[in-house]
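So the protein sequences, as listed, match chains A and B.
Residue 234, in my numbering, is where the first sequence stops; the numbers in between run on with no holes.
Residue 252, in my numbering, is where the second sequence stops; the numbers in between run on with no holes.
Don't read these hints as lab results, they were simulated from the structure.
Any given hint could turn out to be false.
Claimed, not checked - Here are the simulated distance ranges between beta carbons: (1) B:Leu87 - A:Pro140: 36 to 44 Å; (2) A:Val222 - B:Arg242: 39 to 47 Å; (3) B:Arg84 - A:Asp208: 27 to 35 Å; (4) A:His50 - B:Arg84: 54 to 62 Å; (5) B:Ala139 - A:Leu18: 23 to 31 Å; (6) A:Trp207 - B:Asp166: 50 to 58 Å; (7) B:Arg84 - A:Ile219: 47 to 55 Å; (8) B:Asp216 - A:Trp29: 45 to 53 Å; (9) A:Phe51 - B:Ser34: 48 to 56 Å; (10) B:Arg33 - A:Ala143: 28 to 36 Å; (11) B:Gly89 - A:Ala128: 31 to 39 Å.
For glycine and all other residues, C-beta sits at the position ideal for the given N, C-alpha and C.
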Amino acid sequence: MSVFLAVLWKDLLAEWRSRERVVAMLLFSLLVVLVFHFSLPEGATRRQAEQAPGLLWVAYLFAALLGLNRAFALELENDALSGLALAPADRGFVFLGKAAANFVIFFGVEVAIAAVFGLVFDLDLAPAAAGLAGLLALGTLGICTVGTLFAAVAVRTRFREVMLPLLILPLLIPVLAASVRATTSLLAGGGLPWDALQLLLVTDGIYLVVSFLGFEYVLDE
Amino acid sequence: MSGPALSARGLEKRFGRSPALRGIDLEVAEGAALALLGPNGAGKSTLLRLAAGLARPSGGSLQVAGLRAGLPGARARVGLVAHATFLYPELTARENLIFAGRLHGLADPAARADALLEEEGLAAVAGRPARGFSRGMAQRLAIARGLVHDPALLLLDEPFAGLDPRAAGRLAERLAGLRRAGRTLVLVTHDPGLALRLADAAVVLARGRIACELRGPELSEAALARASALAADAAA
Numbered sequence: 014m015s016v017f018l019a020v021l022w023k024d025l026l027a028e029w030r031s032r033e034r035v036v037a038m039l040l041f042s043l044l045v046v047l048v049f050h051f052s053l054p055e056g057a058t059r060r061q062a063e064q065a066p067g068l069l070w071v072a073y074l075f076a077a078l079l080g081l082n083r084a085f086a087l088e089l090e091n092d093a094l095s096g097l098a099l100a101p102a103d104r105g106f107v108f109l110g111k112a113a114a115n116f117v118i119f120f121g122v123e124v125a126i127a128a129v130f131g132l133v134f135d136l137d138l139a140p141a142a143a144g145l146a147g148l149l150a151l152g153t154l155g156i157c158t159v160g161t162l163f164a165a166v167a168v169r170t171r172f173r174e175v176m177l178p179l180l181i182l183p184l185l186i187p188v189l190a191a192s193v194r195a196t197t198s199l200l201a202g203g204g205l206p207w208d209a210l211q212l213l214l215v216t217d218g219i220y221l222v223v224s225f226l227g228f229e230y231v232l233d234e
Numbered sequence: 017m018s019g020p021a022l023s024a025r026g027l028e029k030r031f032g033r034s035p036a037l038r039g040i041d042l043e044v045a046e047g048a049a050l051a052l053l054g055p056n057g058a059g060k061s062t063l064l065r066l067a068a069g070l071a072r073p074s075g076g077s078l079q080v081a082g083l084r085a086g087l088p089g090a091r092a093r094v095g096l097v098a099h100a101t102f103l104y105p106e107l108t109a110r111e112n113l114i115f116a117g118r119l120h121g122l123a124d125p126a127a128r129a130d131a132l133l134e135e136e137g138l139a140a141v142a143g144r145p146a147r148g149f150s151r152g153m154a155q156r157l158a159i160a161r162g163l164v165h166d167p168a169l170l171l172l173d174e175p176f177a178g179l180d181p182r183a184a185g186r187l188a189e190r191l192a193g194l195r196r197a198g199r200t201l202v203l204v205t206h207d208p209g210l211a212l213r214l215a216d217a218a219v220v221l222a223r224g225r226i227a228c229e230l231r232g233p234e235l236s237e238a239a240l241a242r243a244s245a246l247a248a249d250a251a252a
């Protein structure tokens, strides 16, 4: 547990000092939202409303890829990743700390993006805010678990910026599909569909367990 | 605790098809100090990283105090000072040590960090981010990081690199003190004089094999220099 808390504290402190990932993710996703807005035909308000959940989650996914690509950059300098691997505990707790830090950072960025998205696409997200926050948490958990594992795999490869999307995008399809479906239903005033929530919960659970167990081998040279 | 501090039997390590270590048999008793010498690429750093649990052997066995190297219990007994410092540039010197202490589950990592900063002569820069540190300061902080959990076995990979004479002298004294306190040291160095001063045994590696082992009266600067030269010739 101390390893989990130590890694979480260290990652959040380092991000607070540099603000490197938060700023990059915010600016990038803001641009993505604006590109989506201007690429849609004028006056297509109804269609925009229908497409909004999909666009929102695609923006999240792009931002997450950017953030995940930088998640282990901190560990590359001075071979700090080896320093983490020296901790006398199950290395799964290092994974949990990194994933939790990613979760906190990504969730904060996503809330900010949702607010901008609502303004740009003229959507009133306030009535669905609580449900949307819960959904964001579940979707972000899925992205952060498998994303953190494969970010650690990709960071030691030569083409890590290319490798990471190739590795994780196929695995994130269930998370994306369930999140978009649930968000669409939520914004249409229909509540959260149980089948989409089930898919998210099961996917999150599997990814969490597999990533926790698999991280031991990722940290080995 | 059971068995020697470090024990290798038929230890092999391959990177792809390239062998880095071939059939290493080695034993380091508790409280002993072993110097590892040999030309670049001989496998010295690989042996240290295997002992620290950063990589798995391809064959044979490697144990730390009777535990398989790499198990959490074995990692708890080992401190590693490697070529890289393992430091986070965004964190201050004190925060880096507190973080390392927390990784090792220390009850009061802040107090330990303060004590180590004092011992390494870094107390005045404790609040400065490690990014601005000179090579020598970073190396001293890396040494403090390696000692944060007071390990029974300290693995040092050319720890004197980048240190000025004063800091090097202080480190030599520090290592001698650790030996007096019963700690086991395994030290990689290219300097036979240093090996002679700090170690009671020396192993010269060449192309992943033990080329020569010197202990007790056999251990002299001339013998070490001769063995190192032979190993370098074998590696060429």
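Status of the hints after comparison with the structure:
1. Distance hint for Leu87 (chain B) and Pro140 (chain A): a CB-CB separation of about 54 Å, inconsistent with the stated range 36 to 44 Å.
2. Restraint check, Val222 (chain A) to Arg242 (chain B): a C-beta distance of roughly 56 Å breaks the suggested window 39 to 47 Å.
3. At roughly 46 Å, the beta-carbon separation of Arg84 (chain B) and Asp208 (chain A) lies outside the given 27 to 35 Å, and the hint is violated.
4. For the hinted restraint 54 to 62 Å between His50 (chain A) and Arg84 (chain B), the CB-CB distance of approximately 58 Å keeps it satisfied.
5. Between Ala139 (chain B) and Leu18 (chain A) the C-beta distance comes to about 26 Å, which sits within the given range of 23 to 31 Å.
6. Between Trp207 (chain A) and Asp166 (chain B), the C-beta spacing of about 54 Å keeps the proposed range 50 to 58 Å intact.
7. For the pair Arg84 (chain B) and Ile219 (chain A), the supplied restraint of 47 to 55 Å is violated, since their beta-carbon distance comes to about 30 Å.
8. Against the hinted window of 45 to 53 Å, the Cβ-Cβ separation of Asp216 (chain B) and Trp29 (chain A) comes to about 48 Å, which satisfies the hint.
9. Taking the beta carbon of each, Phe51 (chain A) and Ser34 (chain B) are about 54 Å apart, inside 48 to 56 Å as hinted.
10. Look at Arg33 (chain B) against Ala143 (chain A): about 57 Å separates their beta carbons, and that is not inside 28 to 36 Å.
11. Separation of Gly89 (chain B) from Ala128 (chain A) is about 49 Å and departs from the stated range, judged on CB atoms against 31 to 39 Å.
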